[in-house]
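Enquirer: Each residue of the sequence shown is one higher than the one before, counting from 1 in the working numbering.
One thing to keep in mind: the hints can contain errors.
[Unchecked claim] Derived pair list, reagent style BS3-like, types lysine-lysine, alpha-carbon separation capped at 27 angstroms: (1) LYS119 / LYS149; (2) LYS66 / LYS81; (3) LYS100 / LYS121; (4) LYS32 / LYS52; (5) LYS66 / LYS149; (6) LYS52 / LYS62; (7) LYS9 / LYS37; (8) LYS52 / LYS9; (9) LYS92 / LYS81; (10) LYS140 / LYS121; (11) LYS37 / LYS24; (12) LYS37 / LYS66; (13) LYS81 / LYS64.
Hint data in this document are derived by calculation from the structure and do not stem from the laboratory.
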Amino acid sequence: MSSKVNEIKNCSTHQLQIVAVDLKATKEKQEKFLCVKCLIDRVDGNYIVLLKEGLEMIDQMKNKFKEQTISHTQQQQENIKSLQSSVLEMNKLFSDVFTKLQNNFDEIINSNQQDIQTKEKTVEEIDLDQDFETLSDIYKGNSDFDMPKPKIKIDNFKSLMDNYQSQFFSMANSSSFSQTFEQIKKIKSQYQNEFSIDQEFIQIYKNFKIQLQNT
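Take these sequences, add in the hints, and give me the full structure.
Expert: This is the structure we're talking about:
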C-alpha cells in the first residue's frame, strides 16, 4: 500500500482496531468504520461473542459452578454434623433407657427360669382334704374334669408392661427425638428445589406416636 492511513485506527464505539468499512453506511465515521465487535453486532449481537470473551465467560461460569458446589457441600457437611450431634445425644438417652430395660428383662427371664427349674424338680405332694375338694369342684363325671387355672400374678405382669410402654412413650415424646425430627425437616426444606418434603416420613412419625398413645 503506497498511501498512508493516519485518520482512524480504532472504532469510536468499542475502541477496537478497525477491520472493515461499511460502504453503504452513512458518511459518519462512527458507523462506517467497523471493528470485529461491530461486525458481530451487525450479525447477531445477542449470541455471537469474541472467542476471548467466550473463553472468559466459560472460565467465569466454571469458577462460579465450583464455588456453588463447594458452598452446597459445606452446607451439607454442617447439616450432617449438626444432625450427628443430635443423634448422638438421642442415642445416649435411648441407650440408657434400653440398658435399664435389657437388665430388667434379664432379671425377669432369669427369675422365671429359676421358677421353672424349681417346679420341674419339685415332687408334688397330695393333700387329701384340699386336693379332693379341688377335684370335686372341677369334676365333670365319667373320669373327666376341667383343669384348674394356674395362679398367675397378672397384676404385676400388667404393671410391668405398662411400665415398658410408658418408657417407650416417653422416648417418642422426648425433646431430643422431637428436635432431631424437626432438624431433619429443616434440612430437607433447604433442598426443596431438589426434592419435596417427604410427607410419608412425617406421617410415619405421627402414626408412631398415635400408636403408642392408643396402646
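Enquirer: If a hint holds in the structure, say so; if it does not, say that too.
Expert: Evaluated hints:
no.	hint	in the structure
1	LYS119 / LYS149	holds (16 angstroms)
2	LYS66 / LYS81	holds (22 angstroms)
3	LYS100 / LYS121	violated (32 angstroms)
4	LYS32 / LYS52	holds (25 angstroms)
5	LYS66 / LYS149	violated (76 angstroms)
6	LYS52 / LYS62	holds (15 angstroms)
7	LYS9 / LYS37	holds (15 angstroms)
8	LYS52 / LYS9	holds (21 angstroms)
9	LYS92 / LYS81	holds (17 angstroms)
10	LYS140 / LYS121	violated (30 angstroms)
11	LYS37 / LYS24	holds (18 angstroms)
12	LYS37 / LYS66	violated (30 angstroms)
13	LYS81 / LYS64	holds (25 angstroms)
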